[in-house]
Each structure stands twice: as C-alpha cells, then as structure tokens.
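Peer 1: Below, each chain spelled out in residue letters.
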Amino acid sequence: MPDSPLVRPFRYAWEYLKEISGENAYDRYLAVHAATHPGKPAMSRSEFYRWRQDDKYNNPGSRCP
Amino acid sequence: MNRLGGYAIWVGIAIVGAACWGVLALYQGETINAGWLLFAALASYAIAYRFYSRFIRDRVLGADDSRATPAERLNNGRDFEPMDRRVLFGHHFAAIAGAGPLVGPVLAAQMGYLPGTIWIIVGVILAGAVQDMTTLFFSMRRDGKSLGQMAREEIGPVGGAAALIAVLSIMVILLAVLALVVVNALAASPWGSFSLAMTIPIALLMGVYLRFLRPGRVLEVSIIGVGLLILAIIGGGWISESSPYAAAWTFTPNQLTLALIVYGFVASVLPVWVLLAPRDYLSTFMKIGTIALLAVGIAITLPPMQMPRFTEFAFNGQGPVFAGSLFPFVFIIIACGALSGFHSLVASGTTPKLIQKESQVRPIGYGAMLTESFVAVMAMIAAVTLDPGVYFAMNANPALLGDTVQSASQAVNGFGFSVSPETLQSTANAVGEDSIVGRTGGAPTLAVGISAIFAGLTGILGAAAQAFWYHFAIMFEALFILTTVDAGTRVGRFMIQDLIGNVWRPFARPSWLPGNIIASALIVAGWGYFLWAGVNDPLGGINQLFPLFGIANQLLAAVALTVGTTILIKMGKLRYAWVTALPLAWDAAVTLTASWQKIFSTDPAIGFFAQRAAAQQSIQAGQLNDTMAALGAASVDDARQILVNTTVDGVLSILFAVMIIIVIADASRVWFGIVRGSKEPEMSEAPWQESHLDSEGKEIEREPVGAGR
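For the record, the sequence lines run as chains G and C. For the first sequence, numbering that gives the first Met the number 0 gives the first residue as 0, with consecutive numbering after it. For the second sequence, numbering that gives the first Met the number 0 gives the first residue as 0, with consecutive numbering after it.
Simulated from the structure, these hints should not be mistaken for lab results. Mixed in with the good hints there might be a few duds.
Straight-line C-alpha distance at most 27 Å; calculated DSS-like pairs for lysine-lysine [what the hints assert, rightly or not]:
1. G/39 with C/697
2. G/55 with G/39
3. G/55 with G/17
4. C/678 with G/17
5. C/569 with C/697
6. C/572 with C/678
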C-alpha cells in the first residue's frame, strides 16, 4: 500500500521510535547471529531482552546530571 | 551558482545572529523579548556546527570513513553494532541530557540573563561540544575504552588513579545535589509528593509487563506509563485539595531525605528490570517530549524577559542565590549545557561502540551537545521571564527570606528588587501550592516559568491549567533526577565493587549479594550524608553544595580535555592541540580560581574556612557573632552544624583542586617528553582495517577478486 504524503511523516516517526526504543533490536540480532554463527541456536526474544537490559545496567556509562 | 547560494545563506545566518547578539547586549528599553536570545543561540549553533565542527572532524581528528569502526569490525548484534546515526543521536542525547542543564542556568540567572547566556553559547561551541566530540572519537579509535582506561594508558598510572578518584567523588556530590533539588521541590507539597510516589507502582507495573508479558515492547509500555503518569498528576491535585489525605502526603524535608536514602539503596540492590529500567524509559520519553514542548511553547508565546541584562550581583559577589562574583562562579554554576565533564563518561562507553562511520562523531558528539546547550538556553529563558522579585523570593537563601510572604517581600526589597506579598501569594495559588517562598534548588522556579509558558499555550483551559503544568514540570524534573539517582548509585556501586575487587576477588562479581549490599550501602551513605547535611544546613544547602558540584564536574572535564590534548600530541597534531588545550586552560583557570576562593577567601559568604572560623568563634563565645548572624544563622546550634559542613566542604574543595593539578602536571610531563623527543609517542589505537559499509550503513557491493571465481 503506497503511503499518502499525509501519512508518511507519521510512519517515519513511528519507525524512528521503534528503532530508538529497541523494538527492532531483536530482529537485527537474529540476522547478525544467522550470518556469523550459522546453525547455532539463537537467544529467544525474551532471553535477548533480558540479556540486553542486564548488560546495559551492569556496564553502566553515565549521564549528565 | 549553488556554491554562491550556499555562501549567501551562511552570510545571512551570520548577520541575523550578529543582529540578535547586538540587540541583546545594547537594547535600552524596559524589557526585551526572549525571541532575540533564542535566535542568537540558534544562529551561533548553526555557524559553529557548519564550520568549526567540520574543521575539527577533517583537520584536527582526521576522521577516515574508509576505516572500519569498532561497531563494524566487532559487530555481534549486541553491544557492538553499527547503528543508524539518527537513532544513535537520539540515544546519545537522551543519555547526556539530565537535570543539570535545567538547574544551573536558573541559579545563574541571579546575575542577569547575559553572563549565563554568553557562557552557555560560547562555552558549548569552543569547549563543551569539543570535549564530547573528541572524547567520543578517541574512545571509538580504542574500541570504546572508558575515560579512566584512556587516562591510564595515555597519561600514566598516576593520572589514571586521579581520574578514578575524581569520578567517584563527583558521583557522590552529584547525587547529593540532585536529591537535594528533589527534596526542596517536594517538601510541604502533597501534590508533588503524591505524584512522584505514584511513579514507583507505575514503574513496577511496567517492569513486570516488559519482563514477563511482552518482552521488548518498549513503546507500548511507555505509552501506558505516560498515560498513568498524567493520571497521577491529576490525582495529586485532587489529593492536595481534599484535606484528610493532604496532611498524610505532606512531608518535612527530613522525612523526604530518609525516604530518598532508603529508596536509593533498595533500587540499587534490586535487579534493574524491577525499577530502574522501566523508570529509565518513562523519564526518557517524558524528557524528550517536555523539551520539545518547551521549545514550541517559547517559540509561539515569545515571552518578554523581566530580569535585567546584568544585576549588581554579577559584580559585587553578594548574590543571595549563591555568593561569589561573575568570574569564576558563572562558569562553575553553569556546567551542563556549556561544558560538562560528565559527558565524557557517556562519550567513552556505550556510544563509541555503535558508530557506523568515523565522520559521524560530528553529528553525534558535537550535535547532541549543541542540543543540550539549547535546553540550557530554554531553562535560562524560563527563569528570566519570571518577575525578578518572584525569582529572588523563591531562590534566595531561605534563612534570609523568613517564613512569610511579608518577610520575603521585605528581604527581596533589601536585595534591590521589589515584589508585593500579594504577588507572592497569588503566584503560589496559581500553581496550586501553599507557598513558593524559599523554594530553592532551581526546579520549582523552572516549573513556575514553564507552567507560565505552557499555560500561555493552553490558556483556553482556564486557571487550573497552570497548576497542572507546574506539577507536570516538577514531576518531569523529579522523575529524571530520581532516574539519575538510581543509575548513579548503581554506577558508584560497581565502581566500589571493582575497587575492593582488586584486593579481594569475590567482591568484583556484580551478582554476589553481600558485595552488592555493602557497596550499595557505602555509596548511599556517601551521598546520603551530603544530602542530609544540605537539607539541614542553616545557610541553605543548595547554595553551599551547588558550587562544589560545579567544581567537581569541571574537574572531570579537565581530565577529558587533558586526555584529548595528550592524544592529539601523540598523533603528531601538535599544531592543532590548541583545540582541546585552550578549553583546558580556561577550565583549569576557572576551576582553580573557584577552588582558591572557596578555600582561601576571607569573605565568609564565599570561603568555607572563613565561614568555619566565624562559626568556631560563635561556639566558643557561646553566642552568635555578627558574621554568622548576617549569613543567616539563628542559633549556636546552627553554628555547630555550619562548623561541620564547612570543614567537610572545604576539605573536598582542596581534594578537587589537588586532583586537577596532579592530572595536568602528569600529562604535561608526557607532552613535553614527546615534543622534546625524549619520549616515544606510544598510542593504544586499534589498527586500521578497511570499512565495507557505505555512509548509510549498507554493505558495499564489491567486484569479485580474481577471474577464476
């Protein structure tokens, strides 16, 4: 279905939000995993997000006060 | 022709920018519109980004897009992964922007709008954004090494150790100051306390949802969370109006302090998915949404600025919000938004592992920092569009203001501004609070400013709108301060576990429960002490602690700029080393002058030890001397407390100053060694490898090598 010019900006914004919030991260992980470790089982969605969250906060950077 | 058009646009932007600056500096009328400030800032940013950041990228750093970044070389789809530059910009900005750029400018507004604004804009262009961009680049060339590791490898073990101690002590001061801002904003405010308390069950709900029901669906859970948050703010209004519950939700500063300390400890010990991660999502969306809304609000309403260009406090150093004259204290009080050492921790860590192409350090490093600076400019605008009398009645040392609107009105007259008791009361009524007198910490002032701007946008909703927006703003600030407190306590906890782990192995394991509990308790005790001392400081804790926090933050910036200068010299770029060395010289001058004054000034309003001596005299004499009374102390007990606080603060000032001197001295030993040729410029850069990604991150199709395939 082609986007009308009115819908397009919203679609871009939604895609951007999905990208930035990490919703697409699992799909990209699967792609990289399939390419680099063919044949080995990948993490499930729930395992992946658990790993991601724990890793983020166990190796903390910091933020501006 | 195209090229000519390009030049014409930039000349046009330069003229607009110069005209706005001219009006800001010279206009002689009664008030001046905030639009001038907004456009002066935007034009300056545009020119700096187009020309200076490009110069840094091409000449100084020599970014090379044919070189593979760590994200490409080490791509594992997890922590190393080439990320779209627009998405990474969003992540990086959300990670660097916190409450700092909102609080500092509000406090600095006591000197008028011009000094703070000039520093925010010039500082970010020549120092802050340069620091972020160079640190990001150098960390990227080293596979995402942290600032501490880079300091150790490029300068030496002494510089490295000083950097580590600096980071840990800054963390403690930072958390205490931020928690103090929350306590000051929520004390005696049932509306604010209720709404903020409700963020805990909301976060728990979101955490369970993300962990068990719909893993990874961050967007939908954030939409639910923000919806519940709005309900919590509306519910708070209802609580504060129905008296039986209002009393139950009204807390003293000491009760709030205790609650924050317990909360910080629990949040640090618990797994992240329970509280920290969901709260992080919530505050990120709130933060970006509110900042965008504020920009729209200011651009549409274009409020006039009520504060003069300079107040007399810029020159006499007698300001009631914080003591000390323009130089060096404006440059200390406004750290975030102009030059923030904390960013060097973000820029050397997660972000460098995600960059697709080397040249993208420009939009991400330099660009995100310009955006944060813009947030600081908006905070300045929100503060200076308030009635100056209201501003001083909210921000001056509460001991000088007294408890009533009458005493506050008198005190403000004493500062050379005027505000009637009726205005103070009606402002408080408009935002749904009992009183706004002595609401220090910057957050309430900003909330009044923001609520006035937003209420201007939503004026049709009537008078209730301003009270809603005030508590929305308070909630938004408190929410992400608490997120920083959670996250910062955790960072500190890991650092302590790591430190002790060097001596005793099991401590280094993050999952080992006793180590977790002991390290959490240590870090919470650290900031909890300063928070408690700040809340009970007879002279107003924020006035005492905020300069210390600024000094600490600028100290970290000095470490980052020193590392940057060292690496530039090692890369054989001595003639461009001024790009980081000049901001370093300025930063060191500011920080050391401020430390000097805090340590040695004989003015008891500024010098910790002069204050300490006055307190000691009062204690020995058994009655307050004139100096103590003039500062606002009310009893000999107050003097005892001041004695303890000034001792601790003074010793800390000495520690910070010594750290800066050690880091710079140790680094200059390396610099002169290399320049004289007596030292080999050893670098720990990862070796060159060819990149196979194009500028959009797509794999480049290559001709098959050899005909036999």
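Peer 1: Each hint should be assessed against the structure and marked as holding or not.
Peer 2: Hint-by-hint comparison with the structure:
1. Proximity of residue 39 of chain G to residue 697 of chain C is assessed by CA-CA distance (about 25 Å); at most 27 Å being required, the pair is judged to hold.
2. Of the supplied pair hints, the one linking residue 55 of chain G and residue 39 of chain G holds, its CA atoms being roughly 24 Å apart against a limit of 27 Å.
3. For the hint linking residue 55 of chain G to residue 17 of chain G, the alpha-carbon distance of about 18 Å falls within 27 Å, and the restraint holds.
4. Among the hinted pairs, residue 678 of chain C with residue 17 of chain G is inconsistent with the structure: their alpha-carbon atoms are about 50 Å apart, more than 27 Å.
5. Under the criterion of a C-alpha separation no larger than 27 Å, the hint pairing residue 569 of chain C with residue 697 of chain C is inconsistent with the structure, at around 33 Å.
6. In summary, the hint linking residue 572 of chain C to residue 678 of chain C is supported, as the alpha carbons are separated by about 16 Å, within the 27 Å threshold.
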